[in-house]
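**Student:** Each chain, letter by letter, is given below.
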Amino acid sequence: MIQFLQYLGKSTRTSFTKLGRGTYFLLQTISGILSVLARPRLLLNQMYSVGVLSFLIITISGLFVGMVLGLQGYYTLSDFGAEETLGVMVAASLVRELGPVVSALLFAGRAGSALTAEIGLMKATEQLSGMEMMAVDPVKRIITPRFLAGLISMPILAALFSAVGIIGGQIIGSGLLGVDEGAYWSQMQANIDFQDDIINGVIKSIVFGFIASWIALFEGYDAIPTSEGVSRATTRTVVNSAFSILGLDFILTALMFGDD
Amino acid sequence: MQHTSTQDTLVGLFVASGIVGLFFLALQVSNLSSFVEEDSYTITARFENSGGLKPKSPVSAAGVKIGKVRSISFDPKTYESVVQMSINSQYNTIPDDTTASVFTAGLLGEQYVNLEPGGSDVFLQNDGKIEITQSAIILEKAIGQFLFKSAEDSAEEKK
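Taken in sequence, the protein lines are chains A and B. Just so you know, my numbering puts 89 at position 89 of the first sequence, and the rest follows in order with no gaps. Just so you know, my numbering puts 125 at position 125 of the second sequence, and the rest follows in order with no gaps.
Isolated chain A, as found in the complex (with noise of 0.2 Å):
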């Protein structure tokens, strides 16, 4: 019983510690943000590495996810006679919780799993702490312009996402199953807001990009420097991101789409 009560102390309290070396992080990263932006060159490589590179499992998700919608929210809504507003469908999943939370969720996979290791690496082979010997500032150098990189490309990736996704629901839609390709669209452009639906996407996945990458970060630089603990760490952010995402969305969304 002691032991439990002690493991459950220990374990509370580790916990705690690691969200406020997790804050100092943060803070230590933005504050890097300036001396980043004076050297774009370091901000532009991993803009390639983080953003770039994810383009394509993020354009052909989406075009598949989209095609999906089509083909799904057809079926639903020719049962009740309304398969001209499968546009609006589609457009609003994507552009309100779609795009952003698949794209961030692809994005912790595909580009915080790579950050994680890659720092983590870094860390095990003491390339950090032979960076602090020259004094230069690893956060500076290291962390804050792949910080900027995700928070730049998510939203980005996003927005592709959503847009693809869209003309795949359409392709389906109006090419395959025979929805009338002007009401596809015209229903959407009626009932889709600028403001409300596509800004409050916009900046769910500015969110998502913060906290995807800001956990990929961490779990990196706090990785135990063995092979294992890097590979626990790259695991860790995979799960964290997953679940931080999906528990912002859901408070994001009850925020934003409250009161309609």
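Careful, some of the hints might be misleading.
Unchecked claim - Taking lysine to aspartate or glutamate pairs in the EDC-like style, the calculated list, with each CA pair at most 16 Å apart, reads: (1) B:129 x B:75; (2) B:54 x A:193; (3) B:129 x B:96; (4) B:56 x B:110; (5) B:129 x B:97; (6) B:56 x A:193; (7) B:56 x A:196; (8) B:77 x B:48.
Quick caveat, the hints were computed from the structure, so don't treat them as lab data.
Following the hints, put chain B in place on chain A, whose structure we already have.
**Tutor:** Using the frame of chain A, we list chain B on its own:
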């Protein structure tokens, strides 16, 4: 050096594609384009009961959408519903004796304001008021009245 310049191009293409995607969402998917090009003017109508009317509900005349409901508020003095509507400026010849009524599209469809133009030569200006209004038909009320009436009828038949 060759490598970095390819990388720059790819990053540039990536950012550009993101901007194109956002523009696509803004112009093709949402109603932003219809906001930008259309000027509108506001008219007000007071209803005894505006039913399930909501902001952004359509305002139509002869079945064509000419504007939308901007806001709905309750007047605590006259106990009426005050409905503000934005009408596209191209439709600036609405007579001031127009009748506004709240209709329902289909049996369960959304509610909209229908404008029935009168014969006056004076047109409504910005902040104009529609005097003649007809309230929403509340389905429950209508069914209640119908049931009450049919019960009355059958009671009379029995006599």
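**Student:** Each of the hints needs a verdict: does it hold here or not?
**Tutor:** Hints, one by one, checked against the model:
{"no.": "1", "hint": "B:129 x B:75", "result": "15 Å, holds"}
{"no.": "2", "hint": "B:54 x A:193", "result": "15 Å, holds"}
{"no.": "3", "hint": "B:129 x B:96", "result": "8 Å, holds"}
{"no.": "4", "hint": "B:56 x B:110", "result": "11 Å, holds"}
{"no.": "5", "hint": "B:129 x B:97", "result": "9 Å, holds"}
{"no.": "6", "hint": "B:56 x A:193", "result": "10 Å, holds"}
{"no.": "7", "hint": "B:56 x A:196", "result": "12 Å, holds"}
{"no.": "8", "hint": "B:77 x B:48", "result": "13 Å, holds"}
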